[in-house]
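Asker: Residue numbers (this note's numbering), protein chains in the order written: chain A, -2 to 368; chain B, -2 to 368.
Hints in this document: simulated from the structure, not taken from any laboratory.
Mixed in with the good hints, there may be bad ones.
Where chains are identical, the list cannot tell them apart; a pair therefore holds if satisfied intra-copy or between any two copies.
To be verified - Each computed DSS-like pair below joins lysine-lysine, with the alpha-carbon atoms no more than 30 Å apart:
no., residue 1, residue 2
1, LYS320, LYS127
2, LYS287, LYS127
3, LYS48, LYS287
4, LYS48, LYS320
5, LYS72, LYS287
6, LYS287, LYS301
7, LYS179, LYS161
8, LYS11, LYS104
9, LYS358, LYS320
10, LYS48, LYS301
11, LYS79, LYS320
12, LYS79, LYS48
13, LYS9, LYS197
14, LYS287, LYS104
15, LYS8, LYS287
16, LYS12, LYS358
17, LYS104, LYS320
18, LYS179, LYS11
19, LYS127, LYS290
20, LYS358, LYS221
21, LYS358, LYS161
22, LYS72, LYS290
23, LYS72, LYS320
24, LYS343, LYS197
Protein chains: 2
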Amino acid sequence: MKDAVTFNLIKKDKKARRGVLSTPHGEVQTPVFMPVGTAGTVKAMRPEEVKALGAEIILSNTYHLYLRPGHEVIKEAGGLHKFMNWDRPILTDSGGFQVFSLGDLRKITNEGVEFRSHIDGSYHMFSPEKSMEVQNALGSDIMMAFDECAPYPCDMDHAERAAKRTTEWLMRCKEAHKNTGKQSLFGIMQGGVYPDLRKKSAEEIVAMDLPGYAVGGLSVGEPKELMCEVLDHCVDHLPENKPRYLMGVGTPDYLFEAVERGIDMCDCVLPTRIARNGTALTSGGQINIKNAKYERDFTPLDGKCDCYTCRNYTRAYLRHLYKSDEILSSMLLSNHNLYFLVNIMKNIRESIEEERFAEYKNEFYREYGYM
Amino acid sequence: MKDAVTFNLIKKDKKARRGVLSTPHGEVQTPVFMPVGTAGTVKAMRPEEVKALGAEIILSNTYHLYLRPGHEVIKEAGGLHKFMNWDRPILTDSGGFQVFSLGDLRKITNEGVEFRSHIDGSYHMFSPEKSMEVQNALGSDIMMAFDECAPYPCDMDHAERAAKRTTEWLMRCKEAHKNTGKQSLFGIMQGGVYPDLRKKSAEEIVAMDLPGYAVGGLSVGEPKELMCEVLDHCVDHLPENKPRYLMGVGTPDYLFEAVERGIDMCDCVLPTRIARNGTALTSGGQINIKNAKYERDFTPLDGKCDCYTCRNYTRAYLRHLYKSDEILSSMLLSNHNLYFLVNIMKNIRESIEEERFAEYKNEFYREYGYM
Chain A
-2 MKDAVTFNLI
8 KKDKKARRGV
18 LSTPHGEVQT
28 PVFMPVGTAG
38 TVKAMRPEEV
48 KALGAEIILS
58 NTYHLYLRPG
68 HEVIKEAGGL
78 HKFMNWDRPI
88 LTDSGGFQVF
98 SLGDLRKITN
108 EGVEFRSHID
118 GSYHMFSPEK
128 SMEVQNALGS
138 DIMMAFDECA
148 PYPCDMDHAE
158 RAAKRTTEWL
168 MRCKEAHKNT
178 GKQSLFGIMQ
188 GGVYPDLRKK
198 SAEEIVAMDL
208 PGYAVGGLSV
218 GEPKELMCEV
228 LDHCVDHLPE
238 NKPRYLMGVG
248 TPDYLFEAVE
258 RGIDMCDCVL
268 PTRIARNGTA
278 LTSGGQINIK
288 NAKYERDFTP
298 LDGKCDCYTC
308 RNYTRAYLRH
318 LYKSDEILSS
328 MLLSNHNLYF
338 LVNIMKNIRE
348 SIEEERFAEY
358 KNEFYREYGY
368 M
Chain B
-2 MKDAVTFNLI
8 KKDKKARRGV
18 LSTPHGEVQT
28 PVFMPVGTAG
38 TVKAMRPEEV
48 KALGAEIILS
58 NTYHLYLRPG
68 HEVIKEAGGL
78 HKFMNWDRPI
88 LTDSGGFQVF
98 SLGDLRKITN
108 EGVEFRSHID
118 GSYHMFSPEK
128 SMEVQNALGS
138 DIMMAFDECA
148 PYPCDMDHAE
158 RAAKRTTEWL
168 MRCKEAHKNT
178 GKQSLFGIMQ
188 GGVYPDLRKK
198 SAEEIVAMDL
208 PGYAVGGLSV
218 GEPKELMCEV
228 LDHCVDHLPE
238 NKPRYLMGVG
248 TPDYLFEAVE
258 RGIDMCDCVL
268 PTRIARNGTA
278 LTSGGQINIK
288 NAKYERDFTP
298 LDGKCDCYTC
308 RNYTRAYLRH
318 LYKSDEILSS
328 MLLSNHNLYF
338 LVNIMKNIRE
348 SIEEERFAEY
358 KNEFYREYGY
368 M
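All chains, full assembly: derive it from the sequences and hints.
Answerer: Given below as structure tokens:
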């Protein structure tokens, strides 16, 4: 059967790639930044606003939706798209990363992961089969494999065991996935910071001929230089004609570093999370709006930005909203921060088309203050 | 000088009135419900969304804006309309009601009210002159007089003193108001539940020939029947050709009772406040969305409502958002509740035009469960 999701690579600028992802809910121009809607909502945003700022695909979290409201409720509602009023593509993670993050609340076996809910302490079991069942119920366009994400730092034995289990679990995911024509399963590479393990993991998952591959286990605490070095190895072993997704990456510099190394997709909660703390990404670097110096600053958050927030509100007003605990503060800053990252990717796509990605990256870094 | 705000009475159905309020920021069809934007934002709503649900005028609070961000900041920003990105009419209260509500934190003299900020405990003084200065800085279309709102219950002597002071303060407000051509000052009637005092208060303020009059000191805890009875007396002494504003009224039944007695304008924080607690106003009465029975209820909040929320989301989804503490819950429920009250007033206006206000009221009450 033809995969639900296909990828068309249309242009390269060195390793940086310009492509199009086709899904049952429409096309996605890559490289792409995917806003995260953890619990079936991109926090503090109406779906139309997420669309209006240019997002073509969002990510939602299997672990959270499984616990609340429950995947059966969402299935009865007609799937996640309908439930949350989002008619563009959705990628769901596998729940693996969240249950591994539970620490003492979870136990790993070859079968899967037993864990206790962070909401009410109830016992649950996630396995490759269960993750597929839940993601099939959600009806996302792209489903992620249930993998074991090793922590950083992590010794080679541990990283090897995790990568081996990830491959075994991927086979079980592929077998358990019941909705191939309408949803596509992406495999995830593991292997920690060890080039040989990454190569082996890549070869094993690529042999399964999936419609897309993710690089997992990076951006989990390791230094940026090491992330970049490992990422170079990872991408070398992935096929040209399939999309490549670097999971959980979202600061502006990481987007550039990822694209430069041949990554097509990224996601992160960062833009909406820091927005709720009053932090804005701007072309001149991060600012915190609660700072007293913005009390009578009647300029926009970012003078070079043309998002809804920057077109209509001043720093003085945004500071006032934040200081007054007004919900509109989170709404307007989330809108701006998401636009900022989505728009970086739009500019990156243009720069690749015009073979000037490196120049654009330098220009951005200089202004943002990365160098 | 011509008043900034004028009123045109276009139709009556018994005492109920259909009119148009003209202001420097556009026309307002009356009777009207005014959403409240306490701190320069209608909570959890973008201004465009407030417009889209049909609101033609909003209310904002002088006390809150004076304390934070400070009226001087808003003046520097170019006034409240520009500061908060709302280009339709704004009515500001005088700050009187809030400072009187401070209890032990305030002291009343003929000069005005000394009070301590609820935010940082700092000392401040509000007087008729100060209230006008602040409201002139904010640049609202309609400014309210600085009055003494007597509590309920309240003996006749106390109510008489408060009404007398309110008249004296109104004279000082009129004298202090510096922006007559662009902002209009409305007087406020006091007198508690005592018909003779209400009559005297009305005669005194009407003698000042202001562009509009408010009924203050009602809906402050007295039974509904008493409110209706006193309101009848109040309205009898107000001129036909000026708009009449009943302050702080916002449950559906109070809107009907007010309009039935000849009131043109109402406001209340109720719709947005209860929205944040998960409560929705529906044609079948109030419901609380956190109720377990809505877990798999895939119908809209109100099957007879055509607001954005009801067109796009189910009770099951709204319950999920509320249970997950998602900001979108407050956004969607606020939108629905505001639409519900704004739309009642729209239907009331049509019913007055067609001389069937009483029928519409009966129909609404029956379905809502008031009778």
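Asker: Each hint needs a verdict: does it hold in this structure or not?
Answerer: Hint-by-hint comparison with the structure:
no., hint, verdict
1, LYS320 to LYS127, "between (44 Å within a copy, 24 Å between copies)"
2, LYS287 to LYS127, "between (44 Å within a copy, 28 Å between copies)"
3, LYS48 to LYS287, "both (28 Å within a copy, 28 Å between copies)"
4, LYS48 to LYS320, "both (28 Å within a copy, 25 Å between copies)"
5, LYS72 to LYS287, "between (42 Å within a copy, 20 Å between copies)"
6, LYS287 to LYS301, "within (21 Å within a copy, 43 Å between copies)"
7, LYS179 to LYS161, "within (28 Å within a copy, 75 Å between copies)"
8, LYS11 to LYS104, "neither (43 Å within a copy, 74 Å between copies)"
9, LYS358 to LYS320, "neither (35 Å within a copy, 42 Å between copies)"
10, LYS48 to LYS301, "both (21 Å within a copy, 28 Å between copies)"
11, LYS79 to LYS320, "between (36 Å within a copy, 19 Å between copies)"
12, LYS79 to LYS48, "both (15 Å within a copy, 26 Å between copies)"
13, LYS9 to LYS197, "within (26 Å within a copy, 83 Å between copies)"
14, LYS287 to LYS104, "neither (42 Å within a copy, 33 Å between copies)"
15, LYS8 to LYS287, "neither (43 Å within a copy, 50 Å between copies)"
16, LYS12 to LYS358, "within (14 Å within a copy, 69 Å between copies)"
17, LYS104 to LYS320, "between (42 Å within a copy, 28 Å between copies)"
18, LYS179 to LYS11, "neither (33 Å within a copy, 62 Å between copies)"
19, LYS127 to LYS290, "between (52 Å within a copy, 27 Å between copies)"
20, LYS358 to LYS221, "within (16 Å within a copy, 67 Å between copies)"
21, LYS358 to LYS161, "neither (36 Å within a copy, 71 Å between copies)"
22, LYS72 to LYS290, "between (49 Å within a copy, 18 Å between copies)"
23, LYS72 to LYS320, "between (40 Å within a copy, 19 Å between copies)"
24, LYS343 to LYS197, "neither (34 Å within a copy, 68 Å between copies)"
When each numbered hint is compared with the structure, violations occur for hints 8, 9, 14, 15, 18, 21, 24.
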